[in-house]
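Engineer: If you want the building blocks of each chain, they are given just below.
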Amino acid sequence: MKKDAWTFSSNAIRLSCREWLGCAVLLVLALTLGPRAWTVRERLDPGPAFRMPYELSEDYWLYTRWVRHATATRPAVVFGDSVIWGAYVDATNTLPACLNRLADRQLFANLGVPGLHLAAAAGLAEYYTRALRDKAVLVNLNPLWLSSRDVDLTGEEEARVQHPGLVPQFRPRLACYRAERGERITRVASRYLPVLGFLSHLKVLYQDNLDLKSWISEHPAENPYRARDALSRHVRESASAQRDAVSWHKRGMKKQDFPWVTLDASFQWQRFRAAIDVLRSRGNRVFVMVGPFNSHMMEPAALTKYTALRAGIERWLDNAKVPYCRAPDLPSDVFTDASHTTAAGYELIAEHLFADASFKAWLAPAEREGTK
Amino acid sequence: MSFQSWTFLGFFAVFYAGWLGLRKTRLGVPWLLLACYVFYGSWNPLFLLLVLYLTVVDYFAGRAVSGAGRRRKLVLTLSVLNSLLLLGFFKYAGFVTESLNGLLGLAQMSARLPEPSILLPVGISFYSFRSISYVVDCYRGTIPAERNFLRYATFIAFFPEVVMGPIERAGGILPQLKEPRPITAQHIGDGISLFVVGLFKKVALADFLALYANNVFEFPGDYEGFAVLTAAFAFCWQIYFDFSGYTDMARGLARMMGVDAMLNFNNPYVAVSLSDFWARWHISLSRWFRDYVYIPLGGNRVGAWRTYRNLIVTMLVSGLWHGAAWTFVAWGGVHAIGLCLNRLLDRSRFYTERVPDALRRIWVFIFVMLAWVFFRAATFADARVILTKIFTAPFTGPAEFPVVLLGLVLAVWLYQWFHESRLRRVLTLRPVRIALAVGMILILILTSGSEGEAFIYQQF
Numbered sequence: 001m002k003k004d005a006w007t008f009s010s011n012a013i014r015l016s017c018r019e020w021l022g023c024a025v026l027l028v029l030a031l032t033l034g035p036r037a038w039t040v041r042e043r044l045d046p047g048p049a050f051r052m053p054y055e056l057s058e059d060y061w062l063y064t065r066w067v068r069h070a071t072a073t074r075p076a077v078v079f080g081d082s083v084i085w086g087a088y089v090d091a092t093n094t095l096p097a098c099l100n101r102l103a104d105r106q107l108f109a110n111l112g113v114p115g116l117h118l119a120a121a122a123g124l125a126e127y128y129t130r131a132l133r134d135k136a137v138l139v140n141l142n143p144l145w146l147s148s149r150d151v152d153l154t155g156e157e158e159a160r161v162q163h164p165g166l167v168p169q170f171r172p173r174l175a176c177y178r179a180e181r182g183e184r185i186t187r188v189a190s191r192y193l194p195v196l197g198f199l200s201h202l203k204v205l206y207q208d209n210l211d212l213k214s215w216i217s218e219h220p221a222e223n224p225y226r227a228r229d230a231l232s233r234h235v236r237e238s239a240s241a242q243r244d245a246v247s248w249h250k251r252g253m254k255k256q257d258f259p260w261v262t263l264d265a266s267f268q269w270q271r272f273r274a275a276i277d278v279l280r281s282r283g284n285r286v287f288v289m290v291g292p293f294n295s296h297m298m299e300p301a302a303l304t305k306y307t308a309l310r311a312g313i314e315r316w317l318d319n320a321k322v323p324y325c326r327a328p329d330l331p332s333d334v335f336t337d338a339s340h341t342t343a344a345g346y347e348l349i350a351e352h353l354f355a356d357a358s359f360k361a362w363l364a365p366a367e368r369e370g371t372k
Numbered sequence: 001m002s003f004q005s006w007t008f009l010g011f012f013a014v015f016y017a018g019w020l021g022l023r024k025t026r027l028g029v030p031w032l033l034l035a036c037y038v039f040y041g042s043w044n045p046l047f048l049l050l051v052l053y054l055t056v057v058d059y060f061a062g063r064a065v066s067g068a069g070r071r072r073k074l075v076l077t078l079s080v081l082n083s084l085l086l087l088g089f090f091k092y093a094g095f096v097t098e099s100l101n102g103l104l105g106l107a108q109m110s111a112r113l114p115e116p117s118i119l120l121p122v123g124i125s126f127y128s129f130r131s132i133s134y135v136v137d138c139y140r141g142t143i144p145a146e147r148n149f150l151r152y153a154t155f156i157a158f159f160p161e162v163v164m165g166p167i168e169r170a171g172g173i174l175p176q177l178k179e180p181r182p183i184t185a186q187h188i189g190d191g192i193s194l195f196v197v198g199l200f201k202k203v204a205l206a207d208f209l210a211l212y213a214n215n216v217f218e219f220p221g222d223y224e225g226f227a228v229l230t231a232a233f234a235f236c237w238q239i240y241f242d243f244s245g246y247t248d249m250a251r252g253l254a255r256m257m258g259v260d261a262m263l264n265f266n267n268p269y270v271a272v273s274l275s276d277f278w279a280r281w282h283i284s285l286s287r288w289f290r291d292y293v294y295i296p297l298g299g300n301r302v303g304a305w306r307t308y309r310n311l312i313v314t315m316l317v318s319g320l321w322h323g324a325a326w327t328f329v330a331w332g333g334v335h336a337i338g339l340c341l342n343r344l345l346d347r348s349r350f351y352t353e354r355v356p357d358a359l360r361r362i363w364v365f366i367f368v369m370l371a372w373v374f375f376r377a378a379t380f381a382d383a384r385v386i387l388t389k390i391f392t393a394p395f396t397g398p399a400e401f402p403v404v405l406l407g408l409v410l411a412v413w414l415y416q417w418f419h420e421s422r423l424r425r426v427l428t429l430r431p432v433r434i435a436l437a438v439g440m441i442l443i444l445i446l447t448s449g450s451e452g453e454a455f456i457y458q459q460f
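Protein chains in written order, with this note's numbering: chain A, 1 to 372; chain B, 1 to 460.
Nothing false has been slipped in among the hints.
Quick partial rundown of chain B residues pointing at chain A, CB under 10 Å, derived from the structure:
id	residue
1	L194
2	V197
3	Y212
4	V403
5	Q416
6	T428
7	R430
8	I441
Everything labelled a hint here was simulated from the structure, so no lab data went into it.
Using N, Cα and C, we set each Cβ at its ideal position, and we do this for glycine too.
Please take these sequences and the hints and turn them into a complete structure.
Structural biologist: Pasting the structure below:
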């Protein structure tokens with residue numbers, strides 16, 4: 001390098017542009033291969049009734065691994081929120097598990113994620129399910145996400161948005177989502193740089209959700225990554241039920257006048273349609289299950305609005321030629337809240353689906369694939 | 001906006017794209033000046049009024065003192081007073097009031113002066129000194145007065161340096177703004193190198209050390225001798241990495257812009273004497289005090305006792321510059337005593353020729369580390385508790401200093417020792433440089449994600 005009178009620094013870490021390019025290549029290699037090498041150490045051994053560990057609901061790096069595994073081993077997947085994940089049941093009594101029992105084989109994988117509202121589902125579909133191609137995808141539309149402006153994310157007051165990393169960060173601007181610019185940029189970057197998701201995975205699984213410096217400060221002589229069974233422990237714990245399956249009226253819940261949004265003004269509905277488009281663009285055969293929703297919990301006026309809303313949803317699905325099925329009208333006792341059910345409820349839903357002609361037609365290719 | 005934020009990245013990208021195209025045209029300096037004011041104004045738009053006021057006053061003062069007029073000295077005095085009063089008002093009004101109230105209390109008087117609540121403009125200590133040095137240099141004839149107001153304003157508000165220095169002299173920066181050199185690939189490579197090292201020092205090291213040091217310094221009474229000693233060690237390195245990290249980033253940005261900013265830290269913790277330490281630590285400030293305080297007082301050309309007086313005054317003022325509290329003055333005073341002792345030791349051939357450098361480095365480091373206790377402690381009482389525990393408390397109980405952090409700090413220290421030795425050749429080998437760069441960036445990626453601490457010297 002050319003000498004000049006100016007003193008570079010008090011260290012010798014002076015690289016030319018070419019050397020920085022070399023550095024960049026090494027970094028890309030390290031950041032690409034590192035997470036892959038990690039998967040050898042941290043094996044994901046999903047059993048037949050696997051579902052994403054609850055505490056790792058926002059671990060999209062792990063979710064991507066699960067999607068890859070599920071698509072390699074099952075011809076069909078079920079995609080949705082905690083209704084699919086099974087908030088009030090253990091892993092062997094979720095809707096996908098019930099469907100598998102009725103089919104008498106492991107056809108369906110549980111891709112449900114707690115808290116996955118429709119807008120988040122669109123983000124998850126777009127950025128973290130790229131491996132999901134040419135599969136049968138049963139998508140649950142939980143009407144709960146349309147039950148008020150707040151959950152529809154069209155409210156003006158600041159709200160706690162679940163899965164903030166999956167919603168649009170800059171456009172369209174959501175008045176209720178008030179993250180700092182730096183956070184938003186990081187969330188966008190995470191969608192395209194898997195290493196950021198990997199670091200987030202390490203943080204949640206091994207660092208008690210603390211940044212590495214804070215964790216080490218609290219455990220000055222320990223190695224955060226020593227535990228080899230951290231993931232399998234979470235998987236085991238997640239297999240059991242998360243909440244007591246007590247019916248809604250025994251919990252003291254009352255009928256509500258849900259302030260349903262209208263479809264044309266709904267942000268969640270707009271994003272749900274985008275999710276369907278993304279899934280179909282990858283060659284997936286999508287089937288939508290509308291509901292369930294606890295009609296017993298609705299005041300009459302709310303029920304009327306809900307009926308109209310559901311009709312609008314079904315009209316769109318018809319026009320878009322998306323096969324669908326309405327969830328059955330379930331007895332009040334099987335509902336634990338507005339949309340979740342007990343194990344008995346999932347059995348009823350599964351039976352209803354298998355009795356539905358359009359569902360059977362949609363499932364047939366997957367069944368054939370499953371017997372190969 | 002701080003250098004390690006997405007906002008700054010966006011700002012610099014837009015500025016740099018324009019700078020590359022405009023720097024050799026008439027719009028180059030105005031574009032840079034606009035960027036400087038956007039950067040500085042992002043902290044608080046009202047601060048811009050202050051920097052503009054100082055710029056206008058000293059621009060004309062510089063021109064007035066450069067001539068042969070009779071009132072040159074008067075103009076110089078007024079200009080310097082203006083800068084010092086401004087600095088004094090914003091930075092020291094609260095301190096003076098608190099001290100006077102303390103005296104009133106000691107005198108058993110019930111009257112109290114109202115304590116002002118004044119927002120300290122960020123960087124005022126740095127750019128006011130920059131401004132003073134310009135006018136004094138014009139008066140001395142060291143540099144010609146700058147005729148171009150925009151160029152002068154850019155020198156004062158030069159955004160890589162306006163918040164935390166270096167306190168560059170006009171003679172260093174103005175010629176580079178007047179005749180911009182081509183930006184070569186080497187400039188870019190150097191700039192990236194400096195910026196990455198600076199970012200590593202700040203994010204991976206300084207902010208990490210702060211997590212430990214802050215806890216102990218906040219409640220020193222809760223910790224035993226070993227923990228307190230390691231906290232002093234941690235802060236000693238924290239302030240070095242924090243400040244030198246910022247400077248590295250600032251110099252890196254400037255280098256990418258084709259502007260060479262001065263070296264401000266030169267491995268101070270391998271200094272073999274205290275005077276050597278001050279030739280390596282915050283070099284721009286040391287030189288400022290040497291040229292505008294120590295030498296005008298007579299320097300070391302006025303006999304032994306006056307030399308010691310000049311050293312003491314300079315260091316006390318330096319301490320006061322760092323912060324509006326008596327603990328900072330005490331810190332300056334400790335260094336003053338150290339420098340005086342240093343002068344005595346330098347007269348001993350045994351000390352200078354027979355005591356190994358390694359031993360001298362260690363004793364200087366220990367001295368500086370203990371002096372930092374006054375700098376960091378919230379009060380004299382806390383400083384006394386810490387120093388008492390270091391020297392008298394039993395060294396029992398866990399220090400709980402992260403092993404990996406200790407390893408990193410010692411590795412850096414070892415690197416600096418090597419850099420000052422014949423082994424420097426090894427450090428310049430390409431595989432070593434690249435391996436260290438890749439290692440630093442990987443550690444940065446792993447350790448980012450926390451909120452991060454504000455720069456320590458930003459409060460000055």
